Each structure stands twice: as C-alpha cells, then as structure tokens.
Amino acid sequence: MSFTVPKELETELDELITHYPQKRSASLMFLHAIQEHFGFISPEAMEWTAKKLELQPINVYELVTFYPMFRTEKLGKYQIKVCRTLSCALGGSHALRDHFCQKLGLDSTKHEPQTTKDGKFTVEFVECLASCGTAPVVMINEDFHEGVSNQKADELLGRCK
Amino acid sequence: MSQEYRLILKNADQPGYTTDMDCYLRHGGYGALKKALALPVKDLPDGKKMTAQEQIREDVKASGLRGRGGAGFSCGLKWSFVDRKSGKPIYLICNADESEPGTFKDRQIIYKDPHQLVEGMIISCFANDVHLAYIYIRGEMPDGARILKKALADARAKNFLGKNILGSGYDLEIYVHRGAGAYICGEETGLIESLEGKRAYPRIKPPYFPAVLGLYMCPTIVNNVETLAAVKHIVTMGSAEYAKLGTPNNTGTRIVSVSGQVKKPGYFEVEVGKATIGELIFHEKFGGGLKDGRKLKAIIPGGSSSKVFKAGEKFKLKRKGADGQMTAVEVDMLDLPYDFDSLQQAGSMSGSGAIIVVDDSTDIVSVLANLSEFYAHESCGQCTPCREGSLWMNKALHRMSHGHGRKQDADYLLNIAQNIQGRTICAFGEACAWPVLSFVNKFKDEFVAKGAADEAKNHGGAGPTNEMKIAASPRAD
Ligand SMILES: Cc1cc2nc3c(=O)[nH]c(=O)nc-3n(C[C@H](O)[C@H](O)[C@H](O)COP(=O)(O)O)c2cc1C
Ligand code: SF4
Ligand code: FES
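Going down the list, the sequences are from chains A and B.
Heads up: the first sequence at position 149 corresponds to 149 in this note's numbering, and the numbers run straight through without jumps.
Heads up: the second sequence at position 113 corresponds to 113 in this note's numbering, and the numbers run straight through without jumps.
The hints are simulated quantities; they were obtained by calculation from the structure and are not laboratory data.
In this text the structure is predicted, and so the values were computed from the model without any measurement.
Where a beta carbon is used, it is the ideal one built from N, C-alpha and C, also for glycine.
Treat the hints with caution; some may be incorrect.
To be verified - For the chain A half of the interface with chain B, some residues (derived, Cβ under 7 Å), not all of them:
#1 SER25
#2 PHE66
#3 GLU127
#4 LEU129
The task is simple: from the sequences and hints, build the whole structure.
Right, here's the structure in full:
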C-alpha cells in the first residue's frame, strides 16, 4: 500500500524537525500530526516516518505501541475518553462510562476501547486527566468536559453530529 | 492562617484576564525578564565579580524555593549541580506532564497565565546559560499545547525569545513537545528519553543524573511548571521578600489541589506551611468540608503515590522551641502544617501538592484497587519487580474488589510491595508500592475482614459478591 502525505502536512513536519538537534526527537510530534490527519497510524505511516527521520521502522513501531494515545486502527469519529482514576471514580466516572455504553449499545463490562457499529463513537477509560477537582471528567476528541452528569453526557452525545 | 495567598495565580482567575500577550504586559508582564537581563555585574568584597546569571542563581538558592513537581528538592541546589565545564550545551526542560493522579495545578498556569511560565522559563534559561529549552506537556492537553505555542510565538515577536533578546546578546529558543499518554514521562529521566524520541524508559542514577548526563547526554535541568513560574516572582520580589512567604525551609507559596469527597474540590494557592491539612479540607475558604453526614476515612496527602493518612492518626513532630531546643510534639493528622517537612516527618510527603479525600461511604479496598490499576497500567516495564509486582498487586486487588478476596491477601500484598521498593531503576517503584504498604498496614482489619467475608460467602456456596463500584452514580449537578 502506498502512503502519501499531503504537501501541507509535510511542510509542517519538516518544520518540526528543525526544533531538535537530533531528528529522532521529532518522532512523537510526527506521530501526533499524522494521527491527527489520518485518524490512526498505519504500518506504512510508521515506515514513512522512520525513513523521514532516518530511523528503523521498529524505532517508530515501538513508540506507537508504548504510548497509549497512539492508534493503529481507525476508531470512532468521536472518541469518548472517560477518566477512570481515583478522584473521578469517587465522583462517579465508572457509572458515567456505563451510561455512555448503555446509550450507545456497547458492553460496559468490557474494559478496552469499544466502537459502535456505525463507526461514530468509541468509548474508553483513560487515566487521570489532571482535572480531578471537576470530577468526573471526559474528553471527546480534543474537547475537555468537566463535572459530567448523565444529563450532561446526553447533551454532549446530542452535539456529536 | 486560613486564606489563600495568590502570587502565581494572582491574575489567573480575575475577570477579563486572558492569555494574550497584551493582557500580560498590561499586568507588568516581562518586567522580571527585563530586570534580569539588565542586572549589572556585582563587585564582591573580595574583589571578585558576580555576573547577572550568577546573581539570579544565587537568589534562587537564597529564596529557599523547593521543587513543586514531587520531590521538593531545592531548586537553587539543583541548578548548582549543573556541569558548566563540560563544554556541552546545557538544556532546560519544563516538566508539564502533570500526570500524578490528584494533581491539577500546572493546568491552571498553562491554561490561564501561560506567559508567566514562559517568562519564568526564559529567566531560568538565561541564569543557566541555556540556549535551547523545551516544554514537555502531556499529550492529553492539546489546548494547553496550542496556548503555549501561541505564547511562545508572541514572545518571539516581541524579542523576548530568539536572537539577541532585548539587545542583551543572549539567544534562546523554546519549543513545545507533546507527550502521548504515559505517566512515566513525568519522571525526569523517562521524560528525557521520551524527548529524544524513544520509549520513556527511565535511566538509572548514577550515572545518568540529568545535571550531568541528561538530554542528548548533555547537562540538563528539569523543573516543574510551578517551580519555573515561581522563579519569575523571586526575581521580581528579591529572594529575601520571597523567603518571607511560607515558613522556614518551606518558603513561598504553593498551589494545592484538593479533590475527592469534599464539598468544594479545587485548587488553592497558600503560603507553604501556613495552612494545615485539616484547614485545606474543612475550611470554608478551601475544600469546604465533607459532604453532609459523612465522616473522614482517609487522606492521600501528596498525590496518589504518597502514603495515606488514616483518620485519627497522630504523629510526633520535631519542633524548635523558643529556647532553641528541639522538642517532640504530638499532632493529629489534620493539624499537620501542609509543608514539605511536616508531611515527611509524618511518614508521607506533600509530593505534587495534591490532597485526595476519602469519606466513610467508600470502601477502602476499592480505593486501593483503583490506584493499583493505575500503576499496573503505567509501569514502563523495564524492571522486573515493578513490572510484575504492579500487575500482581492489581490482580489481587481486582479479585478482592470483585468478591473473591482471601484472608491472606493483605499479607500477600504487603509482601509484594516490600519487594518492589528500593529495587527498581526509578521512583515509580516506590510510587506503586507506597499506596499498597500504607493502605494495607493502616487499614489491615478491613482488608482481612473483606477477604474473610468473601471466603465465607464463596465457600458457603452463595457465590461471589457483586463488583463494588466506588461510587454509584455521577454527581448530580
Ligand atoms: C513516577 C514519577 C512521575 C512524576 N511525574 C511528574 C509530573 O507529572 N510532573 C512533574 O513536574 N514532576 C513529576 N515527577 C518528578 C520529576 O521526576 C522531577 O523530580 C521534577 O519534574 C523536578 O522538578 P522540580 O524540581 O521543579 O520539582 C515525577 C516523578 C516520578 C518518579
Ligand atoms: S521502576 Fe517501574 S517505571 Fe521505573 S523504570 Fe522500573 S519498571 Fe519502569
Ligand atoms: S482523577 Fe480524573 S482527572 Fe484526575
């Protein structure tokens, strides 16, 4: 499979390389930019990244598997990340995740990320999002939501078109 | 003294205050940088001369500022360890990973007053002859990264960054680098590996002390966001004035994050050691107390890795009397001044300044199970005791919190935890062992009772009890 990077993205990536004395340092920022653009990081994207940064593909692959935010497959259009950790759990985040699962027809007993059949939503637990004072907190794609009640959760789902 | 003292967050929550350069300048922004760059060389009595950089470093040391990231190490001392003779470049990294559960203070600075961090960083870089620096921000703060990028671009446009800053001849670049969801990137050597484009595998010390062999094997300073923001104020006020804030050896202000089962969770900037842990939880101006009808069960005083306090615990603190004699006084855990030294004397730490409150409606086994799941997920996997131990502890606690406990589980957990601490490359080993050691030791009767009850039930044929949910439903708004 061929993998092409649009000109604009490549310019952005080239600029990122200039931030570091060693090219390899740019790899996390590369993977973020690629994932933002394509939705996930394919084996071809990893090879492309490795070549660009003068690395072996394994050097990139091991990053994608190590860092939880990177995806190797396309997930839902809206990725709902519910904080699982203590302060949010005390604030009801586990029941909140159940609520999301129930609303979207997903299995709340499963721990791993789950995507709805139509590919619209992915629900998953993530660890502390550094906003423990406004528990429970949720991220939907890049947007951050605090003090999410069931009612607020329904409103948020309603806004996902 | 039960009130906030807002130094770093002075402007952050004021109506109309924005993250824009103009707003920051209107509030006196970058004045400290101008002052720092213009410091004249000082003549010392012995005929030697002290450069502006040396004066700032000396000032930071004299201010008593201690790191706000977790370890509470003297910032000035850390800077003095930097190898300045190696001929290699010196790097500075701002640790904006803010990943210790319970902590949400750096977020306030980054999202509400980013220029303050940038200014503190530029001054710190200038003082340490750094020409290239990074802000390592956690991946889950995409907006934070954008805000910082804009702040840096605006600073560049005003020549607070870049070549020949404000005509001083000093050059500096700062870039934003994003993490990607791994807690271990908060550990400074893991962070450095990650910034080098590798998995965040912490390095062993010695020899890899960042001050000598850090980023690209060059001398490197890693400081927390709040620490670097404080540097700006030390330059503005002078070290003597700064050191008047707080208490001896615990100077300045600190942003404390209070979360969990209190009425008013939030962040509060206080003079270090001037408020007690009890005031921070119960006082109207802070946490506002427990929810109606609830009693205190436990406090995690300094981020999830710190050792838990059990309600009613008493500690012996060493205090210096008026006659200069050290005496031991007994204090209740709620009366502990919230500072570095008192919490350490009480066997725990103030860590990242994050207090998590647990009330009597909550099952203590499930609290520890929640934390252990975090550590099992976040171990980088390099050291066997940490990689395996964190998983075993999680497995046992998961079993316990799902109705399959055993009487001997408490001792089993203690045994595993004891075999992790002190046997690993980085302090994550302690971070995952300490909660288990302190929870199980201090609440042992509850862990044993839970195991016994499950055993009786399961052997009696009734089957396991249902999964215990920490809290039944999200809070009602
Ligand atoms: C497991 C682990 C996680 C850490 N996470 C953070 C963090 O998220 N933010 C931070 O500033 N320091 C964190 N630290 C502490 C850093 O290693 C380092 O001590 C700190 O950034 C130094 O800055 P300071 O001296 O200004 O506090 C962590 C340490 C460990 C062992
Ligand atoms: S103690 Fe744990 S987190 Fe730290 S290096 Fe070892 S395995 Fe990794
Ligand atoms: S525990 Fe959920 S944001 Fe920290």
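Consistency of the hints with the structure:
1. SER25: holds (5 Å)
2. PHE66: Nearest chain B Cβ about 4 Å off; hint holds.
3. GLU127: holds (6 Å)
4. LEU129: holds (5 Å)
Every hint from the earlier list agrees with this structure, and none is contradicted.
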